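J.: Sequence:
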Amino acid sequence: MSNREEEALAWRQGNQLGARPQHRNGGNEVVEEVRREEETARSAKAVSLAKQGQWMRWEGMERGKISWKELWEMEASNISFIIRATYDVLPSPKNLHQWYGEDPTWALCPTPATLRHIMTGCKTSLTQGHYTWRHNQVLKNLASALENKRSAINALPPRANNPMKTTTFIREGQERQKQKQKQITYIWPVTGRC
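Numbering (the UniProt record's numbering), first residue to last: 1 to 194.
Hint data in this document are derived by calculation from the structure and do not stem from the laboratory.
Treat the numbers as computed from the prediction; the structure is a model and nothing was measured.
All C-beta atoms, glycine included, are put in the ideal place defined by N, C-alpha and C.
It is possible that some hints are incorrect.
Said to hold, decoys possible - What follows is a set of in silico ranges between Cβ atoms, one per label pair, in the way DEER data are often shown:
hint, residue 1, residue 2, range
1, Arg134, Asn154, 26 to 36 Å
2, Asn136, His97, 24 to 34 Å
3, Ile83, Gly129, 26 to 36 Å
Said to hold, decoys possible - Result set (DSS-like, lysine-lysine): computed pairs, CA atoms no more than 25 Å apart in a straight line:
hint, residue 1, residue 2
4, Lys178, Lys165
5, Lys69, Lys94
6, Lys45, Lys94
Please take these sequences and the hints and turn them into a complete structure.
T.: Encoded structure:
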């Protein structure tokens, strides 16, 4: 067992590796000791398993909390992806090789094709824009839609019959002064929908 696995095991058991039981009841002392030894054996086995024991090595999972409200609002495919990514059972080249014996090489670079490398660490993908491509496509569509709407609104004649009303604040003891209302034209319609 590696040092990291021993630390995870010690943390899991509340740092009580090898601690002697200190119970008041003599009869329960043996039962508690047996339970503790069984839990130690189960934890040691879980840490040693490649896939099934990954939950013992999770670090920072508290930071990725999802509320029940967010969970109910998510699409099933997103929930499935999050769960499979957490357990590292997405069909990455490394997993496909382990499951079906397929070629484990990553097509973009010679680095081992782990899920972590594919999702966040591939320098080739980063320099070629693979991580930002989808985001850029969404931005391109939004920019196009906004430009079309702006062009359509700017092509309309100015509207002078609906001047914008403003609120003028008056200090205590002062009188309200009447002003001429200015005619204002709009770039964006006040009552229209986008």
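J.: Is the hinted range of 24 to 34 Å satisfied by the C-beta distance from Asn136 to His97?
T.: Roughly 32 Å apart at Cβ, these two residues keep to the hinted range, so it holds.
J.: What's the verdict on Lys45 and Lys94, does the C-alpha distance respect the 25 Å limit or exceed it?
T.: It holds: about 23 Å lies between the C-alpha atoms, which stays within 25 Å.
J.: Using the C-beta atoms of Ile83 and Gly129, is the stated range 26 to 36 Å upheld?
T.: holds (28 Å)
J.: State, for the Cβ atoms of Arg134 and Asn154, whether the hinted interval 26 to 36 Å holds or is violated.
T.: The hinted range 26 to 36 Å holds for Arg134 and Asn154, with Cβ atoms some 31 Å apart.
J.: Within 25 Å, alpha carbon to alpha carbon, are Lys69 and Lys94?
T.: violated (34 Å)
J.: Is the hinted pair Lys178 and Lys165 satisfied, with a Cα-Cα distance of at most 25 Å?
T.: holds (13 Å)
Consistency with the previously given hints fails for number 5 only.
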